[in-house]
Amino acid sequence: MAKDSYQEQELLEIKSGKAVHIYNWHCGEYLSKFFIGLRDKKTIMGIKCTSCGRVYVPPREICGPCFKKMDEWVDLGTEGTIYAFTVVKLPYIDPNTGEPIKVPRTDIYVKFEGADTRLTHWLDETDENKINVGAKVRAVFKERRRGTIHDIEYFTQI
Amino acid sequence: MDNETWFEITEKDGLLIHQGVINVPYTWAAGKVASKFYTGLKDKQILGLHCTKCDIVFVPPKKVCHHCFSELTNWVPVSNIGTLQTYTVIHYSEPDIHPFNKPFAYGIIKLDGASTSMVHIIADTDLENLTEGMRLQAVFKEKPEGNYLDIKYFTPVAEANHG
Amino acid sequence: MGIRTAIVGVGQTHHTSKRRDVNGQELINEAVRQALLDAELTIKDIDAFVIGNMDHFEAINYVDCWGVDGLGSYMKPVIKVTTGGSTGGTLGTCGYQHVSSGLFEVVMAIGWEKNSESDTQAAISTCANPIFERDFFGGAIGPNAAQYSMYMKEFGATQEDAALVAVRDHNNALNNPFAHVRKFMTVEDVMKSPMLCYPIKLLDSCPRSDGACAVIYASESKAEKIRKSPAWVHASAVSHDCTYFGDYDWEGQPTLNAAVERVYKRAGITNPLREIDVMELYLPFSTCGVVWMDHMHFCERGEAPKLIRKGIFNMDGEVPINPSGGVLSTNPIGATALIRIGEAALQIMGRADARQVSNVKTAMATAFGSCYWYEATILRSTKP
Amino acid sequence: MDKAAIIGVGQTKYDREKNKDFPELVYEAVRNALDDAGMELNDIDNVVTTSNDFFDGRTIACMGVADAAGSYGKDATNVEGDGTFSAVYGLMRTIGGTYNTTLITAHCKMSEVNPRKLFNQAFDPIYERMLGIDDVGSAGLQARAYMKRFGITDRQVAMIAVKNRNNGSNNPLVPATSYVSVEEVLNSPPLASPIKSLEASSFADGACAIILANQNKANKWAKKPIWVKGVGHCTDTYRLGERDLTYSNALAQAAKKAYQMAGINEPIRDLDVVEITENFSHQELMWYEALGFCRLGDGGKLIEAGSTEMSGELPVNPSGGALSANPVQVTGLARIAEAVLQLRGEAGRHQVSNVKTALAHGTHGICGQSQCVWILSNQEN
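Chains as they are written, first to last, in the numbering used here: chain A, 1 to 158; chain B, 1 to 163; chain C, 1 to 384; chain D, 1 to 381.
Because the hints were derived from the structure by calculation, they are not lab data. Predicted model, so just to flag it, every value in this text is computed and none were measured. Even glycine gets a Cβ: it sits at the ideal position worked out from N, Cα and C. There may be inaccurate statements among the hints.
Stated by the list, open to error - Which residues of chain A face chain C? A few of them, derived with a C-beta cut under 7 Å, are: (1) TRP25; (2) VAL88; (3) GLU128.
All chains, please: the whole structure from these sequences, using the hints.
Okay, structure coming up:
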């Protein structure tokens with residue numbers, strides 16, 4: 001049979017259907033402490049490298065440049081500024097649900113005064129004309145907190 | 001704003017474990033070769049690709065012979081009946097992915113006229129009686145969907161069919 | 001020092017939004033055959049393979065094992081490398097190191113992706129830390145957009161400057177028969193295209209593609225037998241300093257600085273604008289084609305728009321960037337950065353057909369991906 | 001090949017479930033390796049991590065361990081597969097002219113995932129994946145085919161599980177177990193016939209790191225450099241129905257190359273200790289044959305003769321192997337680390353005496369599709 005015999009043929013696709021993989025991600029010592037801080041005290045904690053002075057949020061065990069273990073915790077407060085933002089308009093598939101995300105949604109990078117890295121979260125404003133890089137924002141906490149990054153419901157411009 | 005997906009959180013030894021998922025659906029192009037194979041199954045015909053250089057009939061078919069790197073174009077029909085090479089009986093369940101309840105069997109079956117073998121499920125028989133070398137036949141799905149399970153499973157050839 | 005290594009063959013598929021006629025293995029096979037054809041080799045001549053893509057785009061675990069039929073790697077050594085968008089650069093370096101180590105003589109690196117098989121953005125969003133950043137990661141467009149807003153404010157750059165980059169890359173693609181998006185466009189077209197994330201518009205952004213690319217690396221003793229004028233690898237470098245997306249310093253671009261500084265140093269380049277003849281840069285947004293230029297030692301900070309307006313990166317300029325049309329016109333993610341290396345090699349070998357820049361002696365290719373992971377490669381027509 | 005040596009190894013303990021996240025695990029292994037080598041991170045030129053996006057549950061999983069693996073300010077790269085393959089790439093980078101020293105890491109937390117669903121993702125979505133088949137089911141097909149062809153008995157296969165699990169009780173890095181007998185193995189619940197529960201590997205969490213140096217640096221740093229004498233890796237065909245499941249030709253080819261480089265003619269005599277990756281006990285017998293420790297089909301006889309016991313001619317898996325702890329991706333790198341400890345005489349209660357040459361082996365893919373062999377020695381020349 002010649003190659004041409006393919007031409008008339010229907011090209012098929014194979015579908016995965018709902019393909020869900022469940023993971024039980026251990027938060028480890030540092031992220032656990034951070035999340036428990038959010039849950040129990042509504043505090044946003046960073047961690048400081050005593051060697052170079054950098055403060056990291058989210059907190060982690062190791063300062064990359066110094067390769068030293070860190071253990072000095074810093075309360076960053078609940079207010080920062082917008083470092084960058086995106087108003088997401090494309091309803092891409094949410095890998096948590098397999099369904100499209102709700103749009104518009106504003107993703108922001110929050111810079112805290114006392115931290116050298118930035119926290120990613122949502123902003124409650126989706127009109128990009130009303131969002132300013134450098135604007136002050138405050139974390140709004142949920143009533144019912146469980147020890148996740150979503151214990152902060154969103155950030156809001158002050 | 002309520003965009004949070006609620007997953008289980010457990011606390012153990014003062015530390016947290018977050019449950020979560022990756023839930024992304026996929027659509028894979030079968031390509032011309034596999035499409036033709038599945039189109040054949042709709043007519044209860046199992047097709048292989050013959051490497052004329054190496055004289056190997058690949059079932060399921062593939063576009064390139066892994067021995068000589070030739071692109072294969074010589075389609076040949078093979079039998080729905082073949083010989084069991086090896087098998088295993090599965091004693092655990094994985095409900096999200098297993099198409100049958102435990103215990104069930106996987107087998108590697110070389111169809112008459114094929115040089116390579118198909119991995120498939122063996123069902124509708126007493127699993128205690130499976131033996132290597134036994135003759136099995138494909139059981140086709142009533143309403144084919146254009147995928148590997150259009151052959152529902154393999155089952156021992158009925159006595160009357162023994163040649 | 002290691003064994004001198006050269007690129008002797010490049011192959012790629014045509015790139016398009018969806019290849020229904022081939023599955024992944026068959027797509028890879030097309031690129032493999034093209035590369036063999038280009039180098040006038042057979043599959044038997046290949047001693048080892050390196051393959052790469054991003055797992056969650058196609059949901060295939062152990063792609064190196066799955067890919068054997070497409071690669072033609074039966075009973076041969078295969079290794080898989082992956083670093084996200086920069087995978088192609090990682091593949092190129094891995095192919096090069098296979099040979100420079102002296103362990104193998106002729107090695108093929110293959111990058112591929114079938115982005116049509118899943119929701120690309122969904123799969124990409126899973127690259128953020130799942131319990132900390134994933135839900136807030138709508139892709140790289142936000143930070144790039146914010147970065148360009150700041151850049152415009154600080155240096156008086158305009159949206160039109162970015163549009164010039166988009167027009168340059170897109171129109172270069174008209175000369176490349178393999179490119180995915182091949183459409184003539186003007187600055188006006190770019191400016192009028194839908195706003196995705198201010199100030200980045202649709203035509204400032206890369207597409208998603210199905211495609212594959214294969215590049216063959218050979219040792220000095222083999223390379224000169226295979227091809228009279230191969231593309232010699234002089235240096236490669238990579239920088240990856242971040243764990244979280246929030247870690248990255250968008251103003252300073254430290255990993256871009258580090259990768260290019262390292263690669264220039266290793267290749268002995270002190271004045272890149274004068275010493276490099278052509279570049280294939282991984283620019284996922286046209287705005288990167290403005291801002292990043294300041295970090296590549298082409299000019300002082302803030303001067304990139306001037307160079308762009310002068311047209312020095314155009315096909316007829318001093319240092320053409322992306323004669324192939326770049327990432328803005330073609331983006332099968334796992335292959336994208338390897339295409340940069342392949343295209344740079346074609347330029348050195350004088351085999352780039354309608355997109356050939358004349359008299360290329362030194363070429364640079366870059367890769368960008370994951371948590372701001374930058375890679376860079378320098379190729380030359382002369383031996384290291 | 002230019003000379004290179006392993007100058008540091010570091011492992012975490014391998015546990016069923018670790019109270020650490022990926023970067024914390026990786027840092028522990030890297031710190032141990034640096035301390036073992038007497039080095040600081042500044043002494044390392046480049047880094048190769050090992051990750052798998054399915055097992056780690058994120059795309060570009062290597063990002064998560066970048067800082068912990070010491071990638072900051074260095075050239076870093078990432079291999080997906082077993083750690084032995086990452087180490088091969090690390091070796092290339094060590095002798096390729098650009099770098100002098102390479103740190104190689106691997107990490108895995110099997111406690112966080114459903115392994116069978118992830119192994120199922122290794123099957124072709126166009127064809128067999130829909131069967132729901134995984135690593136265990138396919139190993140069952142392989143075990144029966146192999147045993148049938150060569151008349152291998154259930155008892156012989158069970159003896160591997162007994163040997164390795166009991167060896168593991170001397171290795172402080174693997175989960176503690178009590179003594180198991182052949183009868184207990186044979187009577188353990190069936191998994192995928194003929195494979196029984198105690199004949200399958202024990203999934204674990206953990207990380208491992210090794211440091212390679214080229215000749216310039218090896219003698220400078222290490223008190224006892226362990227020299228790389230040979231490496232080989234090879235990949236068989238993909239589909240189970242096309243592969244000879246009764247003999248690993250890929251392993252034979254990988255071994256042939258490594259043996260040639262190392263000048264090994266008669267493996268069972270020339271090698272002093274072996275650390276292999278046996279994901280299922282029957283595979284250890286198959287690997288004996290492909291590695292040339294005995295003739296084709298004689299794997300069962302070799303274990304019956306006690307040749308690969310701790311007291312035998314060629315002890316295999318004094319550490320307890322994958323049957324004692326299998327942190328997938330890490331497992332092969334841990335075999336290299338164990339071989340290094342043996343060659344230095346630092347393996348403690350599972351030390352084999354008079355070790356000069358060791359073999360470490362890793363495998364990747366379903367039913368050992370891809371294989372990697374390392375020959376190491378404590379003698380430079």
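Going through the hints against the structure:
1. TRP25: Hint holds; A/TRP25 Cβ to chain C Cβ min 5 Å, cut 7 Å.
2. VAL88: Hint on A/VAL88: holds, closest Cβ of chain C at ~4 Å, below 7 Å.
3. GLU128: With Cβ-Cβ at 6 Å, under 7 Å, it holds.
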